[in-house]
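Participant: In case you want the letters, here they are:
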Amino acid sequence: MIYNRSELGDGIGFTSVIDDKFKTRSLAVYLLTELDAETAAVNDIAAEILTVSNSRFTTYAAMCEKLSELYGAGLGSSARKKGDAQILGLKASWLDNRYAIDGEDINGEMLSIIRDCLFSPNAKDGAFDEASFAIIQKDLLDRIDSEFNQKNVYASIQAARLAYRGEPAACASYGTKEGALAATPADAYRAYRELLRTAQIEIYYVSPEKDDTFSEMFRQCFGGIEREPRKVNIRSRSPLKAVPETITEEFDVNQSKAVMAFKTDSDDRYALKMLSIIYGETPFSKLFLNVREKMSLCYHCTSRSVSVKGSFFVDIGVDRSNIERAREEILKQLDGIRAGGVTDEEIENSLMALDNAVLQVGDTPSSYISWFFDCFCDGEIMTPEVHFRRFCDVTKERIVAAAASLRPDSTYIMLNREVQG
Amino acid sequence: MEKEIITGSRTGDSCIHVRHSSGLEIFICEMKGFSSIEALFGTKYGSVNTMFRTSEDKEYTTVPEGIAHFLEHKLFENEDCGVFELYARTGASGNAFTSFDKTCYLFSCSKNYEDNLRILLDFVQKPYFTKENVDKEMGIIGQEIKMTGDNPEWRVFFNMLSGMFREHPVKTDIAGTVESIARIDAELLYKCYNTFYNLNNMVLSIAGNISADKVLEICDECLRPCGDNGLETVFPDEPAEIVRGEIREKLPVGASIFDLGYKCAPRSGREMLRAAAAASVISSLLSDPAQPMCERLLKEGIVNSTFGGEVFYGSGYFTLNFSGESDRPEAVREAIFAEIDRLVAEGIDEKDFQRIKKSSYGMLIRELNNVEAVANLMLNSYMEDVGPYDAIDMLSELTADDVAELMRSELRRDRCVLSVIEKEE
Chain H
28 MIYNRSELGD GIGFTSVIDD KFKTRSLAVY LLTELDAETA AVNDIAAEIL TVSNSRFTTY
88 AAMCEKLSEL YGAGLGSSAR KKGDAQILGL KASWLDNRYA IDGEDINGEM LSIIRDCLFS
148 PNAKDGAFDE ASFAIIQKDL LDRIDSEFNQ KNVYASIQAA RLAYRGEPAA CASYGTKEGA
208 LAATPADAYR AYRELLRTAQ IEIYYVSPEK DDTFSEMFRQ CFGGIEREPR KVNIRSRSPL
268 KAVPETITEE FDVNQSKAVM AFKTDSDDRY ALKMLSIIYG ETPFSKLFLN VREKMSLCYH
328 CTSRSVSVKG SFFVDIGVDR SNIERAREEI LKQLDGIRAG GVTDEEIENS LMALDNAVLQ
388 VGDTPSSYIS WFFDCFCDGE IMTPEVHFRR FCDVTKERIV AAAASLRPDS TYIMLNREVQ
448 G
Chain E
211 MEKEIITGSR TGDSCIHVRH SSGLEIFICE MKGFSSIEAL FGTKYGSVNT MFRTSEDKEY
271 TTVPEGIAHF LEHKLFENED CGVFELYART GASGNAFTSF DKTCYLFSCS KNYEDNLRIL
331 LDFVQKPYFT KENVDKEMGI IGQEIKMTGD NPEWRVFFNM LSGMFREHPV KTDIAGTVES
391 IARIDAELLY KCYNTFYNLN NMVLSIAGNI SADKVLEICD ECLRPCGDNG LETVFPDEPA
451 EIVRGEIREK LPVGASIFDL GYKCAPRSGR EMLRAAAAAS VISSLLSDPA QPMCERLLKE
511 GIVNSTFGGE VFYGSGYFTL NFSGESDRPE AVREAIFAEI DRLVAEGIDE KDFQRIKKSS
571 YGMLIRELNN VEAVANLMLN SYMEDVGPYD AIDMLSELTA DDVAELMRSE LRRDRCVLSV
631 IEKEE
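Chains as they are written, first to last, in the working numbering: chain H, 28 to 448; chain E, 211 to 635.
Hints in this document: simulated from the structure, not taken from any laboratory.
Be aware that a few hints might be false.
[What the hints assert, rightly or not] Among the chain H residues that face chain E by a calculated CB cut under 8 Å, a handful are:
{"no.": "1", "residue": "84"}
{"no.": "2", "residue": "87"}
{"no.": "3", "residue": "122"}
{"no.": "4", "residue": "126"}
{"no.": "5", "residue": "130"}
{"no.": "6", "residue": "158"}
{"no.": "7", "residue": "175"}
{"no.": "8", "residue": "183"}
{"no.": "9", "residue": "276"}
{"no.": "10", "residue": "277"}
{"no.": "11", "residue": "323"}
{"no.": "12", "residue": "329"}
{"no.": "13", "residue": "363"}
{"no.": "14", "residue": "374"}
{"no.": "15", "residue": "410"}
{"no.": "16", "residue": "414"}
Quick caveat, the model's predicted, so the values are computed rather than measured.
The beta-carbon is built from N, C-alpha and C at its ideal position, and this holds for glycine as well.
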């Protein structure tokens, strides 16, 4: 694998990864901006609309037809949040020319399509094409409505809203229903122009051979854009609530759910991750072995550390009558770690799991992109091996200290409605 | 024990196939440049296999719904310790799944694959069921059943299957019900295990950063030969007709969803693969935003980007389904009916057909780029009695007439079921 990162302009990074084992090429363009409930929805629409049509393929139908002619090339967008940042992405992947049966230049065609999507979008008179806008706006409104379809997803969203209340991260990565309803094609176009001017931009290209055509295209196209990039605050510790809060909702569901949020003032993200692995991320974790296997209370009970926000979550699906028992056991297991209940074997096993996981980086184009983009967000580019060595330095004492730093912040509970007798 | 090299004619990709002396079929793909390893050890035993006998049985045995899935859970516990504890020591990520027609145990790792393979082959061949450990599992699986019961996509799909199938067990949830699993005990689990976990009914598929010779050496060391038990699985007679054309249920959801499916004649082997390829083209034709019907539905806001189609098939069932979010699923049904009528009457545009074939070819090539996908590809080819690279060849041989014929003969309005999950008011 050959890695290279260069600056194409002010706040514009271009990372190229060459790996000859792949049959495909992949590209991701990430626009990083401050997550804000006022602008999140219109930003999301602006990014999504780019992949529906452009100045050459002016309808969604025409765009889809072209992409399927190119052997089902993928072109899509994404919105996610990391800390207090909104990350809007355009992603594409396609077969390398070697696999084109009729000798088509798939690479060249995709370069043109992506260039036009980003720099010659389907817009006129300062507004995006109305038909494309309508499709994307409806999609976003439906996505917001369908949050409630997946109960575990809904419970996690509600838990984040509660834990981060008053902070940018309380907002979903795609914004609010009000924001989506209020947006117009002109608003979305303005939002896109503003993103091109102010967002931090990171571009990733994974190909089986050296190919400078994409970096050249981006350098040239961005050269014509006046840039005033704004620093985005990804890492921002969420304050602990003065008094832990609980929000409970009741629905006609079969299973109750609870998401417990903790806050930490620890900056030791490696120890927090090791803590999470030992406490609740794996089938050899304390929550799995005790809450699930020993007590048979649940099918899933897991933990995760969100170090950029200084928060830590535990979620569980459980019978309403067992919520308290489960909560007591979850806290008891945490107290056990705080009291030094971590074995050398648990640390060794966690390192083995991490070692296996980091070695798999590079087995798919998307794993390269995720790896280098996460490094960028963390402010330090390193190899998976160096990253792993940081975990090897984590001692039992650091894990115990990480557990001791967790303070209960809030709990979201979804109850299954009790049938009245 | 002979190594057969299977090579895909279009891409030159190849894998090794071995019929092991123990009775097990083994597929191995050495993938140069990749770090990870994916291994699946599977049996042709899924939720639909509720009635069976071996050459030693006079009568057929009928077992409670959900037992294949229950067995999968219990096999993770051996006499000395849990299997996850063993994988914890090697760093592998171990898991398992039960579907309608198979149960698979798997691991993925990038180190110590030899030890992981020994763990996998050993625990799957070493059942340990007791009253205590069976009773303990009831609570965990009970919660899993409740969790999936709250998943509207799961519910809308099974409601559709219950409208389609009168007798076939495919209509029943893979995990069974809280009531059906209560009838499972250690004895019944052993009966099912001894019937279906015979190596003559099983496959090992392993891909990635491996040596085929080393894999075979470990197989020689760990596999315990077993005689063919003459396994026969039977399914109740299933009429061609559906049970009900429309099923609606109100649930606490944010967006209404639908599943619309056509019941088609079941098939097997290469005939099934050929029909699946043709049905997949139909699915693309009808859910492709490049086509006028889908373009109109999107413009009118009747569907959104969740609209799509899939072919669902296995032992004794074959269906073509369309699903998505919509407040007007009847309008989607009408549009699909009208479009099928038009395509049957006017024929399929050759340009559209070739374009969709290209797109499908691209997807198949991409699978070969991924260790996990390659391991699953080889496993599924065994389960479907076809070769690992047959799908690409089958696709290239497919004609627009094949597709039109399947559409004309199978996609009948009276064999169509619409299942809807509606928002509660």
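Participant: Run the structure past the numbered hints and jot down the numbers of the failing ones, going up.
Facilitator: 1, 5, 8, 9, 10, 12, 13, 14, 15, 16
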